[in-house]
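Chains as they are written, first to last, in my numbering: chain P, 520 to 853; chain B, 520 to 853.
Worth flagging that the hints you see were computed from the coordinates, not collected in a lab. There may be inaccurate statements among the hints.
Pairs involving identical chains hold if they fit within one copy or between any two copies, as the list cannot separate such chains.
BS3-like cross-link-like pairs, simulated, lysine-lysine; straight-line CA separation at most 27 Å [as the list claims (entries may be wrong)]: (1) LYS522 with LYS828; (2) LYS667 with LYS813; (3) LYS556 with LYS828; (4) LYS548 with LYS708; (5) LYS828 with LYS667; (6) LYS667 with LYS548.
Note that the coordinates shown come from a computational prediction; the quantities given were computed from them, not determined experimentally.
Protein chains: 2
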Amino acid sequence: MDKHIRLEHGSGGVLSRELVEQIIYPALKNAAYPALKDGTDVSCSPSMCMTTDTYVVDPIFFPGGDIGKLAVFGTCNDLAVSGARPQYISLGFIIEEGFPVADLSRVLSSIAEAAGEAGVAVVTGDTKVVGAGKGGGIYINSAGIGEKCFSGDLDPAGLHIGDAVVLSGPVGAHGITVLGAREGLPVGKSLVSDCANLFPLCNELFPFGASLKFLRDATRGGVAAVLNEIVAGLSVGILIRESDIPVSPDVEAAADILGLNALEVANEGVFVAVVSGDAADSAISKLAGHPAGKEASVIGTIVADPAGKVFLETRIGGKRMIDLPRGLLLPRIC
Amino acid sequence: MDKHIRLEHGSGGVLSRELVEQIIYPALKNAAYPALKDGTDVSCSPSMCMTTDTYVVDPIFFPGGDIGKLAVFGTCNDLAVSGARPQYISLGFIIEEGFPVADLSRVLSSIAEAAGEAGVAVVTGDTKVVGAGKGGGIYINSAGIGEKCFSGDLDPAGLHIGDAVVLSGPVGAHGITVLGAREGLPVGKSLVSDCANLFPLCNELFPFGASLKFLRDATRGGVAAVLNEIVAGLSVGILIRESDIPVSPDVEAAADILGLNALEVANEGVFVAVVSGDAADSAISKLAGHPAGKEASVIGTIVADPAGKVFLETRIGGKRMIDLPRGLLLPRIC
Numbered sequence: 520m521d522k523h524i525r526l527e528h529g530s531g532g533v534l535s536r537e538l539v540e541q542i543i544y545p546a547l548k549n550a551a552y553p554a555l556k557d558g559t560d561v562s563c564s565p566s567m568c569m570t571t572d573t574y575v576v577d578p579i580f581f582p583g584g585d586i587g588k589l590a591v592f593g594t595c596n597d598l599a600v601s602g603a604r605p606q607y608i609s610l611g612f613i614i615e616e617g618f619p620v621a622d623l624s625r626v627l628s629s630i631a632e633a634a635g636e637a638g639v640a641v642v643t644g645d646t647k648v649v650g651a652g653k654g655g656g657i658y659i660n661s662a663g664i665g666e667k668c669f670s671g672d673l674d675p676a677g678l679h680i681g682d683a684v685v686l687s688g689p690v691g692a693h694g695i696t697v698l699g700a701r702e703g704l705p706v707g708k709s710l711v712s713d714c715a716n717l718f719p720l721c722n723e724l725f726p727f728g729a730s731l732k733f734l735r736d737a738t739r740g741g742v743a744a745v746l747n748e749i750v751a752g753l754s755v756g757i758l759i760r761e762s763d764i765p766v767s768p769d770v771e772a773a774a775d776i777l778g779l780n781a782l783e784v785a786n787e788g789v790f791v792a793v794v795s796g797d798a799a800d801s802a803i804s805k806l807a808g809h810p811a812g813k814e815a816s817v818i819g820t821i822v823a824d825p826a827g828k829v830f831l832e833t834r835i836g837g838k839r840m841i842d843l844p845r846g847l848l849l850p851r852i853c
Numbered sequence: 520m521d522k523h524i525r526l527e528h529g530s531g532g533v534l535s536r537e538l539v540e541q542i543i544y545p546a547l548k549n550a551a552y553p554a555l556k557d558g559t560d561v562s563c564s565p566s567m568c569m570t571t572d573t574y575v576v577d578p579i580f581f582p583g584g585d586i587g588k589l590a591v592f593g594t595c596n597d598l599a600v601s602g603a604r605p606q607y608i609s610l611g612f613i614i615e616e617g618f619p620v621a622d623l624s625r626v627l628s629s630i631a632e633a634a635g636e637a638g639v640a641v642v643t644g645d646t647k648v649v650g651a652g653k654g655g656g657i658y659i660n661s662a663g664i665g666e667k668c669f670s671g672d673l674d675p676a677g678l679h680i681g682d683a684v685v686l687s688g689p690v691g692a693h694g695i696t697v698l699g700a701r702e703g704l705p706v707g708k709s710l711v712s713d714c715a716n717l718f719p720l721c722n723e724l725f726p727f728g729a730s731l732k733f734l735r736d737a738t739r740g741g742v743a744a745v746l747n748e749i750v751a752g753l754s755v756g757i758l759i760r761e762s763d764i765p766v767s768p769d770v771e772a773a774a775d776i777l778g779l780n781a782l783e784v785a786n787e788g789v790f791v792a793v794v795s796g797d798a799a800d801s802a803i804s805k806l807a808g809h810p811a812g813k814e815a816s817v818i819g820t821i822v823a824d825p826a827g828k829v830f831l832e833t834r835i836g837g838k839r840m841i842d843l844p845r846g847l848l849l850p851r852i853c
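The whole structure should be built from the sequences, with the hints applied where relevant.
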């Protein structure tokens, strides 16, 4: 096997077979992916959920994770916040000519480890090779399907004044960590990405039934984007309190130096939930039983006014609007 | 809306929302994709099939198709040759900074048209933007799931001497067409890609039950790669007859001039099937009832000797081995 990917590894011929049969498939093979075929049979329930996400993060390895772990957990998290238990995922690789095979193997073993942790089976894949200067080392798409295990309505149209806005963990670590790793910034040396599997946390909230009203992971655009999506077009607004938002001192310091708002920075292991006010304390204590949820907090409330807007009450008692992020915070963050 | 994609369109903020809500989602929205969410609920049967494929074809527009049509039909075809009726697909876009929004819209309408023709619903998607020089205009991943409608075994281990090797249509048109379009070659000006939805043809073969023994679309590596995959490691071989292989005069002329073997060139609307010898005539007549199958032919036979190899009987009565393609025929052909 060559040490670097060549265009011929994407040709469909001898070298394609060698790459897939010697490197990729052995790393991913599992009981639900018993053979290399055009498609793989999967057992499903009548009510499933389907999602997809493509990962173009730069750099592909960063403290706390890599593009492989991200591709597995990110797709599983999209299923989890949709009320589904992740079961099967596909993987589509676009590898740039010259990419080190050792790096590919490292990404593949990270994928296998993350899939094991998430209890999801890789069942099918595809590998394309593009010429040097036409890719970014490696890009990974993963699509996923999972059985619905929450049948309630997660549409924000059902929100009421007094509902509690819950954040499952501290904000901004993924984005700040990737930025630090990419640019070699003298900040955040001790930071690690929050990249985590969120199904176990979501699964704690599903038994709340109709008291669980909204759930979404706060990836690109961060918590600010999710909060704005919740209230867009609604007759209610959101008020969050700065002092209640969990943020690590390292993230806060790095964000300050870089002039970033941690609420706008991508997370890969944090979700926003809205629960009815009377369920808030119980929800927090359920989430706190998990490593990724031990800093879960009620950060705000659904309010009457101003409708369709998100406001932050600052530590010193002022108020400012949190808008949908504008411009370019960080390209290729996930 | 800008006329060209900017990095900010992948940021998760205002411009991301604008791109998705104004350009992408309106083009793809359908009854099974009622809202933009992290994942979409889908109805499934107990026995489904899942597949994925990524498309990096260059150029993205070519006679007879484009990357969007390819992404829909290619993924549907992988389900079809796995014995499943395509139902739902996901789409993951990687768009390079500077890509014309008008080209994106053209690709999206091609996707919608192809999905309509294939009876498949786009149910979820994701869009990432990478910097100039880190992509190829647009790359598309599509994953698909579909209900199994053929429960028989399509494993070549069940082949017997005397089984017929069927080709659903003429070889090589896709690869030669894309090559001609890319390089501006003075050949194949009248050629069009064979890009087609193969489920209707496959569905004609499913009622053959145990007489249908193998099915695979002949994409990268062409018919030569599929035939070699069939017999790899088996105690039988394949003998095909050059005079029985359907090939258009244009493809044959272009392949001759370019020094290519049409059997090694990628197709996007052609499959190889193996059926029991007594079912061959009936299979051909069923396939011939469809536009993509009107040149369907029995091109060869499963033979005892030499085991594990594919031989071609030439028009003048000679024999030569057809090996798994080596080296690089055409990068980014699909």
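Do the hints match the structure? See the list:
no.	hint	verdict
1	LYS522 with LYS828	neither (53 Å within a copy, 30 Å between copies)
2	LYS667 with LYS813	within (26 Å within a copy, 43 Å between copies)
3	LYS556 with LYS828	between (50 Å within a copy, 20 Å between copies)
4	LYS548 with LYS708	neither (36 Å within a copy, 44 Å between copies)
5	LYS828 with LYS667	neither (31 Å within a copy, 47 Å between copies)
6	LYS667 with LYS548	both (25 Å within a copy, 22 Å between copies)
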